[in-house]
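Novice: One letter stands for each residue in the lines below.
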Amino acid sequence: MSVEIEMEDGGGLATEEMTLNMGPQHPSTHGVLRFIVKADGEVMRKATPDIGYLHRSIEKIAEKVGWHGFMPYTDRVDYVAAMACNQGWAMCGEALGGIEVPRRGEYCRVIAAELSRICSHLLAIGATGMDIGAVTPFTHALREREMINDLIEELCGARLTYNYMRIGGVAWDLPPGFRKRVTTYLDHLEPTIHEINDLLSYGKIYAERLGSVAVISPEMAIGYGLVGPNLRASGVKYDLRKDRPYSVYGDFDFDVPVGHGEMGAVGDCWDRYMMRIWEILESAKILRQACEKLPDGPVIAKVPRNFKPPAGDVHVRVEAARGDMSWYCVSDGSEYPYRLHVRTGSFSAMSIIEELSEGLMIADLVALIATFDIVAPEVDR
Amino acid sequence: MQQFIDGLIGSATGMERELYYFAGMLAFGALVVFGFILPLAGITSWLERRVWARMQSRIGPNRVGPFGVLQWLADGLKNLLKEDVIPTAVDARLFRLAPYVVVVGFVAAWVAIPFGSSLIIADLNIGILYVTAVTSLVVVGILMAGWSSNNKWSMLGGIRSATQIVSYEIPAALAIFPAVLLSGTLSMQGLIEAQGWQPWSWHMFHSPFTFFAFLLFFTSLLAEGNRTPFDLPEAESELVAGFATEYSGMRSLLFFLAEWGNLYVIGAVVTTTYMGGWQVPHFTDNTVLLNAAQLATFFLKSYFWVFVAMWIRATLPRVRVDQLMSLCWKYMVPLGLVTVLGTAVTMVAAPEGMPTLRYLTFGAVMLVVLQFFRRVVFHLRRARGLGWTMAG
Amino acid sequence: MDASAIQKKLEAKFGGSVGPVTTGLLEAWIGVDPDKIAEVAAFLKDDPDTRFDSLSNLSGVDYPARGHIEVVYNLMSYAKRHELTLKVSAEREAPRVATVCNVWPGANWLEREVYDLLGVDFVGHPDLRRILLPDDWVGNPLRKDYVEAPSYHGISTVRESMLRIEPPSRE
Numbered sequence: 001m002s003v004e005i006e007m008e009d010g011g012g013l014a015t016e017e018m019t020l021n022m023g024p025q026h027p028s029t030h031g032v033l034r035f036i037v038k039a040d041g042e043v044m045r046k047a048t049p050d051i052g053y054l055h056r057s058i059e060k061i062a063e064k065v066g067w068h069g070f071m072p073y074t075d076r077v078d079y080v081a082a083m084a085c086n087q088g089w090a091m092c093g094e095a096l097g098g099i100e101v102p103r104r105g106e107y108c109r110v111i112a113a114e115l116s117r118i119c120s121h122l123l124a125i126g127a128t129g130m131d132i133g134a135v136t137p138f139t140h141a142l143r144e145r146e147m148i149n150d151l152i153e154e155l156c157g158a159r160l161t162y163n164y165m166r167i168g169g170v171a172w173d174l175p176p177g178f179r180k181r182v183t184t185y186l187d188h189l190e191p192t193i194h195e196i197n198d199l200l201s202y203g204k205i206y207a208e209r210l211g212s213v214a215v216i217s218p219e220m221a222i223g224y225g226l227v228g229p230n231l232r233a234s235g236v237k238y239d240l241r242k243d244r245p246y247s248v249y250g251d252f253d254f255d256v257p258v259g260h261g262e263m264g265a266v267g268d269c270w271d272r273y274m275m276r277i278w279e280i281l282e283s284a285k286i287l288r289q290a291c292e293k294l295p296d297g298p299v300i301a302k303v304p305r306n307f308k309p310p311a312g313d314v315h316v317r318v319e320a321a322r323g324d325m326s327w328y329c330v331s332d333g334s335e336y337p338y339r340l341h342v343r344t345g346s347f348s349a350m351s352i353i354e355e356l357s358e359g360l361m362i363a364d365l366v367a368l369i370a371t372f373d374i375v376a377p378e379v380d381r
Numbered sequence: 001m002q003q004f005i006d007g008l009i010g011s012a013t014g015m016e017r018e019l020y021y022f023a024g025m026l027a028f029g030a031l032v033v034f035g036f037i038l039p040l041a042g043i044t045s046w047l048e049r050r051v052w053a054r055m056q057s058r059i060g061p062n063r064v065g066p067f068g069v070l071q072w073l074a075d076g077l078k079n080l081l082k083e084d085v086i087p088t089a090v091d092a093r094l095f096r097l098a099p100y101v102v103v104v105g106f107v108a109a110w111v112a113i114p115f116g117s118s119l120i121i122a123d124l125n126i127g128i129l130y131v132t133a134v135t136s137l138v139v140v141g142i143l144m145a146g147w148s149s150n151n152k153w154s155m156l157g158g159i160r161s162a163t164q165i166v167s168y169e170i171p172a173a174l175a176i177f178p179a180v181l182l183s184g185t186l187s188m189q190g191l192i193e194a195q196g197w198q199p200w201s202w203h204m205f206h207s208p209f210t211f212f213a214f215l216l217f218f219t220s221l222l223a224e225g226n227r228t229p230f231d232l233p234e235a236e237s238e239l240v241a242g243f244a245t246e247y248s249g250m251r252s253l254l255f256f257l258a259e260w261g262n263l264y265v266i267g268a269v270v271t272t273t274y275m276g277g278w279q280v281p282h283f284t285d286n287t288v289l290l291n292a293a294q295l296a297t298f299f300l301k302s303y304f305w306v307f308v309a310m311w312i313r314a315t316l317p318r319v320r321v322d323q324l325m326s327l328c329w330k331y332m333v334p335l336g337l338v339t340v341l342g343t344a345v346t347m348v349a350a351p352e353g354m355p356t357l358r359y360l361t362f363g364a365v366m367l368v369v370l371q372f373f374r375r376v377v378f379h380l381r382r383a384r385g386l387g388w389t390m391a392g
Numbered sequence: 001m002d003a004s005a006i007q008k009k010l011e012a013k014f015g016g017s018v019g020p021v022t023t024g025l026l027e028a029w030i031g032v033d034p035d036k037i038a039e040v041a042a043f044l045k046d047d048p049d050t051r052f053d054s055l056s057n058l059s060g061v062d063y064p065a066r067g068h069i070e071v072v073y074n075l076m077s078y079a080k081r082h083e084l085t086l087k088v089s090a091e092r093e094a095p096r097v098a099t100v101c102n103v104w105p106g107a108n109w110l111e112r113e114v115y116d117l118l119g120v121d122f123v124g125h126p127d128l129r130r131i132l133l134p135d136d137w138v139g140n141p142l143r144k145d146y147v148e149a150p151s152y153h154g155i156s157t158v159r160e161s162m163l164r165i166e167p168p169s170r171e
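Residue numbers (the numbering used here), protein chains in the order written: chain L, 1 to 381; chain R, 1 to 392; chain Z, 1 to 171.
I should point out that these hints are in silico values taken from the structure, not numbers from a laboratory. Where hints are given, some of them may not hold.
[Unchecked claim] Per the computed footprint, the stretches of chain L lying under chain R, defined by three or more beta-carbons under 8 angstroms from a beta-carbon of chain R, are: (1) 206 to 217; (2) 353 to 364.
[What the hints assert, rightly or not] Once the Cα atoms are required to be at most 27 angstroms apart in a straight line, the calculated BS3-like pairs of lysine-lysine come out as: (3) L:K180 with L:K64; (4) R:K330 with L:K204; (5) L:K237 with L:K285; (6) R:K152 with L:K46; (7) Z:K13 with Z:K80; (8) Z:K9 with Z:K36; (9) Z:K80 with L:K237; (10) Z:K87 with Z:K9; (11) Z:K144 with Z:K80; (12) Z:K45 with Z:K13; (13) L:K308 with L:K60; (14) Z:K8 with Z:K45; (15) L:K38 with R:K152; (16) L:K293 with L:K242; (17) L:K308 with Z:K144; (18) L:K60 with Z:K13; (19) Z:K87 with Z:K36; (20) Z:K87 with L:K64; (21) Z:K9 with L:K308; (22) Z:K13 with Z:K36; (23) Z:K80 with Z:K9; (24) L:K64 with Z:K144; (25) Z:K144 with Z:K45; (26) Z:K36 with Z:K8; (27) L:K242 with L:K64; (28) L:K64 with L:K237; (29) L:K242 with Z:K45; (30) Z:K36 with L:K242; (31) Z:K144 with L:K60; (32) L:K237 with Z:K45.
Positions of the beta carbon are idealized from the N, C-alpha and C atoms, including for glycine.
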């Protein structure tokens, strides 16, 4: 008996394309994402994202609950770094209503938002490590994150869905001794970040797994509307906090790190991962300055309970942990917003995956999702 | 005497002699498996979880028994009581059989593990070859599990495992050769008897070649045991649970039992071939005492390597499939050949052995280890300086 | 470049398809004809003075009183660091807007989202499917006159809670 082996035209063995359904329940999809992967063995031909499993109609809810009432819902847009979403919504209301936020209120916002950014980036770093197979950095990153959660709990009573900001300012002033505790924490955090670098970032296997994988050129990143750390990893130096300062970010001195291809090409997974590390250090700089310069005064402006901004529309952009979060809000002069649309960083990042996935391995797709730091509820809203 | 006992049992039970011999062997086998191998694998699992937890600033299982040491028993009982789910679309016969094949593969390896100069079930004259062969039986079970599950993730896991184990057999076998050359035998006891109790008389430090052979051997055994950084067949973040995705209850546990049991086998084989096995100074003529000391030494040495494997698992990320293969074929196989040739050349050049080379290798390795511990102390000091708890 | 200078440029090129600069409550915007938007977008992207290389946001708003659906394009340029808002009004009954997918690939999903939630047909879109809702969903929930079906595949969508918020009356 002879075995006949089918040969392809090129002379190689004939293979069959396999369709893999990755998700909605899968350990590496950080929530409920689904990819329809067409793979030839371990090499992907195409990975098509299928989103919507976490669609909670947040934009529709905004039309029903009123200007003040929508604030807790913004936490659920991106629950990993909810402060920026709070801030985006507050800024929509303030811009439409022409409300001036007191300076102390703005400083409180900056402190809260940067703490929550560090919180989110720590989770991203740990989760990337875990997706690549190193579990220890995850617990170490979460240990540091818990301390921020403690700080934020002191600030607003919640550890995840903060609901701290209000249209016109923030809900509560900083508790006594808070600034001291923040700086104490930062003294502890900065060396810890270097420890994570020693343990994980510059590890040989880790750098090999992430370096030169899924390289995104600056043109492609801009075209697909990648934002925030994912865009800066491709070498585009653009940070809303620096280039289009909102709130009081103009007062602070900090750098905008960009990817420079240390472990391969500019815009590879390793650069995207390292952006989070570098941004934590920059956020720490901002926090230190904000704690030092904090002015006195009220933290919230007088805003009527029955807030009715005049008719009009506004486009607000906030630098959230996952980049430029773009809020388009229409008011018709009533006590309910007429329309709200949020374009989030994860949404853009998801849309690029289909084109990028060709020729990657299945393990690389996991690395790609992890380094994009995709948070599923932010994609679906 | 034997005839008397035979007659006694024969008349009491009315069984054929071969039959009750067979029953006796089965009973003894069951005693060894349930009384020794399973607890050892269980305790290794507990140890792994505790060690891992400490490295991750967690506590780990500490409720069942002192320090949670009986956790494995609780888990085993729980899993025995779980429903044995056989999904409808699986190839039920293969699916049921697969975990047993895996367990048989790993249990069979224990036959040839020398715990002491007289504590070995069977000192086969091809001992090390036998161990390498039967541990590879595991791959058949894993492939069966992956294929029969009728699940693409399982199949990917099974295929990954097959490629990985088959490939890493080669560097593993090549890395055994230097030790075999030095001992002139394949028997496990023979390998140990060719070494002494002093560290510098271990095969590991015979020459730089054997030291590299030892490193290669340990690495390829990690790959064969599906341990991090080569745990691709069950890479959680990629393949859900790999070949074990569809398994539940006791069948799922059997895979993990084999994994932890294999972990100990890895430590034991490394200890036997390169670390002097049970060798202790001949301090007494009392055989029982001597064997007890040998057993303790063997366990200490093998658990050291088990600990190193756990340590590696807690530290390193996972490699990718192509990197796994290129590491094996481009680096480890050629290096393995070099170590075999190098050892042969040193043996021809100095048939009586080269003590200077031995001491030099030993010294160099010790210097590296010393430097490593200095780094550890440095990092510990720095970590303490940071203060892991926050005031207020 | 500010909005009025860009508008002059566009008017010179596209004539009547481009409306005047309208200043709303806060921001100025330029109206564009629905079938010309793709060409306008391509022009804005390639013109060396404007170079709008990125689409920051694309939203759809339903105005039943005015009888049209408005699609809002928030453009931004990383090269020139300026921004621009374009608005396109489409018939509410059968809204058809030319796609800008070929100009900015990021528009692909954003247009799918507007198609999904507001029912705007983007002419020339390569893959116009529902994105957030299931494929067999009936209606476009972000339209103001959308009425939720009482059940979806036998799952009731009626909430029995006492805290139910009545939708505000409009107009």
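Novice: Please list, smallest to largest, the hint numbers that this structure does not respect.
Specialist: 3, 11, 18, 21, 25, 27, 28, 30
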